[in-house]
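First to last, the sequence lines map onto chains W and Z. Residues 1 to 195 in my numbering are what the first sequence spells out, letter by letter. Residues 196 to 346 in my numbering are what the second sequence spells out, letter by letter.
Note that these hints are calculated values from the structure, not bench results. Just so it is clear, the structure is predicted and the values come from calculations on it, not from any experiment. Don't take every hint at face value.
Using 27 Å as the maximum straight-line C-alpha spacing, the simulated DSSO-like pairs for lysine-lysine come out as follows [as the list claims (entries may be wrong)]: (1) W:K31 - Z:K318; (2) W:K31 - Z:K232; (3) W:K106 - W:K44.
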Amino acid sequence: MHRRYLGALVALLILGGCASSKDLVVLLPDKDGKVGKVLVQNPKGETVLDSAYAAARTGGSLQRNTASQSEVKDVFGTALAAMPPRPVSYTLYFESGTDEFSDQSKQEVKRVLAEMARRPAPEITVIGHTDQAGPDSVNDALSLQRAERVKSILVRLGISPDRILTAGRGRREPLVRTADGASEPRNRRVEISVR
Amino acid sequence: MKFTRLIDVRRVVLACALSIAPIAAWALDIAQFKVAKGNVYVERGGKRFPAYVGTHLQATDTVVTGADGVAGITFIDNSLLSVGPNSVLAIERYAFNSTTHEGVFDAMLTRGTLSVVSGKIAKQSPDAMKVRTPSSILGVRGTEFLVRTGE
C-alpha cells in the first residue's frame, strides 16, 4: 500500500545523492600566516570559509566546521606533497639612463640562474615596471620594452628563450607609493619571477 | 617546432584581436607540469597522452591521474595546483592578461583531490577564479585551499 510512496522516496534519495556528491573543502592558512576566503555554493546552501582550517562538507546537507590537521594529512597529504615549488621574485635596477645592470643587480641575476638550476622545468617571467610619470599607454610600452631588453640579456647568459615570458605591467604596481606623475627611480625596475 | 609555434602565436593574436578577449599572445601554453609521478595523463581534443615534468598544458585540457599518480602544475599567473591519485581535473577556461592581471580561471574537479594556491588572476579580481565539483561551486577570493569530491 505504501510501496509506491516508498519507491518515490528511494528515487528522491538517489537523485539527492547524485546531485550532492560528497565534497570536502578546506581553507588553509597562507605561507605568511594570512587566511584567504572561499565561497562554497551548493544546492543545499552556501557558506563562506574565512578562517584557518574552516571546512565545508556536503552530502546530505552542507555543513561548515573545521578540519583537523590529521584529517588534512590523511585526505590531502599526497596531493599536498605534489605541490610545485613556490614562485620567487627578484628585482633588478639599472644604472640611471643606461641598459647596464647595477652591481647589486648583477648579483641578483646570479641568484636567478641558481634558483632556476634548483627547479624542475624552470621558467621565468620578466616583468617591466615604470614610475608614475606619463600616461598608461606610454608606460605599458616602456615597461615591456625594458622587459624585452632584460630577456635578451638573460638569453645571452644562456637561458633558453623558450623558458622566458615577458610582461609590461606599466605603472600599475609601484614598489614605492608616489604622487601621480612623480618620477621615482625605485619604481623603474624589472622583476624576474622564477617558477 | 619553432616555426609552428610562431604560426600558433599569430593565430592567437588574431583571435585575440577579433574577440577582444583578455588573453595573452602566448595563450596556447598556460601552465607546465613541475611534478608528475606515476600515471599522469593529459586529455586534449579527444586524445590522451602521458604527462611528464616539463609537459605544457593548454586551456581546456583535462588532467587525469591513476591510482599511483600525482601531479603538480604551475600556471603563467603563478597559480599553483596539485592533484592526488585517482583524480580528474578539467581546465575549462583560462585566460590571463599579463599587463592588467585580468583573466579567468575555471576548473572542474570531477573526481579526487586538489590542492590550490591561487595566483595573480584571483588577486586582481575576486570573481575571476572558480573551481567546481559535480555539485558545488567554489568562488576563490584566495589563496590556499583543498578540495575533495566523490568518495
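Now the hints, each set against the structure:
{"no.": "1", "hint": "W:K31 - Z:K318", "in the structure": "holds, 15 Å"}
{"no.": "2", "hint": "W:K31 - Z:K232", "in the structure": "holds, 25 Å"}
{"no.": "3", "hint": "W:K106 - W:K44", "in the structure": "violated, 57 Å"}
Checked against the numbered hints given earlier, the structure breaks only hint 3 and satisfies all the rest.
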